[in-house]
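Visitor: Top to bottom, those sequences are chains A and X. Going left to right, the first sequence walks through residues 1 to 427 as our numbering numbers them. Going left to right, the second sequence walks through residues 1001 to 1273 as our numbering numbers them.
Hints are computed from structural coordinates only; laboratory data are not their basis. A hint or two may mislead.
[Unchecked claim] Taking beta-carbon pairs under 10 Å as the criterion, some of the chain X residues facing chain A (in silico): (1) Lys1024; (2) Glu1158; (3) Pro1172; (4) Ser1173; (5) Asn1176; (6) Arg1179.
Note that CB positions come from ideal geometry on N, CA and C, so glycine has one too.
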Amino acid sequence: MNLLCLSISHHTAPVEVRERLWLSPEEIVKTLPETLRLGCSEAVLFSTCNRTELYAVTDGRLPHESLIRELIKQKNAGSVVHESHFSVYRGPEAAGHLFRVASGIESMVLGDVQILMQVKEGYQLAVNAGTAGFFLHHLFPSAFHTGKRSRTETTIGTGAVSVGYAAVELAERIFENLRKKTALVIGAGETAKLTAKHLRGKNIGSLTITNRTQNRADQLARVLECSTIPFDRFRESLADADIVIASVRVDTHILTADDVARALEHRHTGALFLVDIGVPRNIDPAAGKLENVFLYDIDTLTAMVDENVHKRRAQIPAVERIVADELHSLELWHASLQSTPTIQALTAMMETIRKGEVEKNINRFGEKDRELVELVTKRIVNKILHTPIAYMRNGHDAGPTERLLSVNVIRRIFGLDHDNAKRDDDA
Amino acid sequence: MNIISFLNILLPFGYAVAVYAYGKAFFADTPWAKSSKRWILLSVIGTHIVYLAARTTAFSHPPATTVYEVLTLLAFTTSAAYYVIESRTGNRETGYFILNIPFFFQLVSSLFIKDLLEVPEILRSNYFGFHVTAALAGYSAITLSAVYGFLYLMLYHEIKQTRFGAVYRKLPSLENLERMSVMAIWLAFFFLAAAMLAGVVWLPQAFSDFSYADPKLIGTVFIWLLYGAALAARRSTRWKGRKMMIVAISGFVISIFSLTAVNMLLSGFHRFN
């Protein structure tokens, strides 16, 4: 398997290096043909915020350094990125690495679901650019299948692993449909922004932002395409909100239990979900004791995240088993690629010998026996070839390595490589 | 073995398979169970319809003349009401908790049911069949609303106490559970109204000792009014969430009291023998 993988990721390089080698789709499309010019027969390249990886089919003689230099040259990043920032994988190891990446167990956020989509996008770019060929057309769909199996057969991708997403996940356990709900985000800091983004991602029905600095609220509202209200009036809209995310730096509670109780009196809908991710806390903890009010602070959400990360880690061995299983199938497929030409070469060689011997000796037989000689010699050859061909075709019990070894032994015993080389020389 | 005896043995097994499939889907996410549980339940409900029709035809009376006939009818109406709610809400995760009830009812019924050819003429009436079936459908819906109410309270406390176990992970959202419970209350309200209407028209003609002071009638009217008031309050005020679920469970407890204690302890024309 002449597969080569060059990978620069959070495992091998800090962010200031990785960001220099991040490639846009346009840059990927420009770089792919360059890899073919250097001697690769096929190539797929993808780039995310945590990794840039090149998968190439080579003749085994192309030094990986030249490809690394090409990648660095494309981004003009020679002053920051060095060869030592790359991991290099070859053959089945490279395929196994791709399968692990697609499964999310190589991701910074363990079990990340986005990586599979990003790998698919990278593959699609190579398909469009015409740089993905026979081998990569089989390898990448196998990787997608591995990623899908990992997520359906294990829980590697379940449970929120960020505070913002944990809050949204909790909201989904309370409310049936977030599209019909109204959210109020108090604050425009990073955590509030991320949580609001997750809510937008879940198609929250209505999103309103309030912040002490109106300008920052307006900026965030433009990004999230939502409305704002002045900070001194947000309590008035509390009765209309189903979800309240509070994340501002204050010394006292900006929402007291009385504020929440008053809002409940004017509400016509069910539960009120309050998320307090501010430190010191923004919402009076006594509000959580009110009926149909669900209040969570940063500690609760962090504990949820920690527990989910722990559960995801426990799934790694199960995912590794899926990766090994899919890698085994890939190697069997690859070994079958070797056996088919060997079967053809062996059959052709035996037929050549048979024909030659029949032609040399055919005059020793009478007219009426000649047809019988043809038949008998063909039968003898077929019987001799039956066992080795059947083994090469159906030897599924043997592993891919053993099968490849057997194919090589058969090639040597019958001198098939020598025969081919001789024919090449003659040509 | 005739068809009735065969189906009588088959039905508890059918419900057991349905409970097993819903349980495997809920607790173990087993793919075959997830894809086939609904079809299994539909087959069992279909078989139950054939069984009830065969009994009615063979014995020339609706299957509601003994406690064990009522139990098989209850098993049918509960599973059918669950199927309707599952189809309407699209939520298929609560079947395990519900279907244990019809399984238990059908098991007891199949073990003790007798083939009665001789029943009082009054019990052969179609009015009687409609009255009892509507009442039992109402009580089945009450049972469902209580189970959903109970699941709601379990999930409510898990979320409030930040205990995120299997109930948290697997059950539908609080809002969804509440919606299913309220839908069951509407069904109960409708069927009890139908049962009472049929009763008021037919019972005075059928029973010479009919009395509007009958304890079961009073109990049913009380439950019907309670649910009616709760549904009205839910529409006009803040009677949502936990309060509504407590009403659902309370209605069930009162219904059980009305069906059992009143039936066994107090005398009147309105009881199963």
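Visitor: May I ask you to test the interface hint for Ser1173/X with respect to chain A, counting a Cβ-Cβ separation under 10 Å as satisfied?
Guide: holds, 5 Å
Visitor: At a threshold of 10 Å, is the proposed contact between Arg1179/X and chain A supported by beta-carbon distances?
Guide: Holds - the Cβ of Arg1179/X comes within 10 Å of chain A, reaching about 7 Å at its closest.
Visitor: Does the closest beta carbon of chain A sit nearer than 10 Å to the beta carbon of Glu1158/X?
Guide: Holds. Min distance 9 Å.
Visitor: Once the shortest beta carbon distance from Asn1176/X to chain A is found, is it less than 10 Å?
Guide: holds, 5 Å
Visitor: Hold the hint about Pro1172/X up to the distance rule: shortest CB distance to chain A must be less than 10 Å.
Guide: holds, 8 Å
Visitor: Would the stated hint for Lys1024/X survive a check requiring a Cβ distance to chain A of less than 10 Å?
Guide: Constraint on Lys1024/X not satisfied, violated at 16 Å.
When each numbered hint is compared with the structure, a violation occurs for hint 1 only.
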